[in-house]
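Asker: Assemble the whole structure, with the sequences as input and the hints as a guide.
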Amino acid sequence: AMAYEEALFKNKVKCEAHMFDIGYHGYSLATPELSTEDIFWQGNPHTARWFNLSLEWLDHLFSGINYDENKDKLTQLYQ
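Per the working numbering, residue 1 is the first one in the sequence shown, and the count goes up by one each step.
Any given hint could be a false lead.
As the list claims (entries may be wrong) - Derived DEER-like restraints, expressed as beta-carbon distance ranges:
#, residue 1, residue 2, range
1, E69, F9, 20 to 26 Å
2, D59, E5, 16 to 22 Å
3, D38, S63, 22 to 28 Å
Claimed, not checked - Only pairs whose alpha carbons sit at most 30 Å apart, straight line, appear in this in silico DSBU-like list of lysine-lysine:
#, residue 1, residue 2
4, K71, K10
5, K71, K14
6, K12, K73
7, K12, K71
8, K73, K14
The set of hints was computed from the structure by calculation and includes no laboratory data.
The beta carbon of each residue, even a glycine, is placed where N, CA and C say it ideally should be.
Answerer: Here you go:
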């Protein structure tokens, strides 16, 4: 994953990556209601942030907003 991200950056392809310390790729939203009792790490509030992070990134990518110029306003918006 890190090599892929590095290749994207080198080729000026916009991307964002998040690596979490527990869990696996593809375990849904990581919310308690979607977890299985015998798999303790599925309902992980920290990792569950991936979904909102992806929405923020897509908004950034497609909104045309200059994030550097509007950093303070955007920080308040996403808190």
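Asker: Given the proposed pairing of K71 with K10, does the C-alpha separation stay at or below 30 Å?
Answerer: Status holds; Cα separation ~25 Å.
Asker: Regarding the pair K71 and K14, is the alpha-carbon distance no greater than 30 Å?
Answerer: holds (18 Å)
Asker: Holds or violated: K73 with K14, Cα cutoff 30 Å?
Answerer: holds (22 Å)
Asker: Is it true that D38 and S63 lie within 22 to 28 Å of each other by Cβ?
Answerer: violated (41 Å)
Asker: So does D59 sit 16 to 22 Å from E5, Cβ to Cβ?
Answerer: holds (20 Å)
Asker: Within a Cα-Cα threshold of 30 Å, do K12 and K71 meet the stated pairing?
Answerer: holds (22 Å)
Asker: Could you check the hint for me, namely that E69 and F9 are 20 to 26 Å apart, CB to CB?
Answerer: Because 22 Å falls inside the window, the suggested range holds.
Asker: Does K73 lie within 30 Å of K12 when you go C-alpha to C-alpha?
Answerer: holds (26 Å)
In terms of the numbered hints stated before, the structure departs from hint 3 and from no other.
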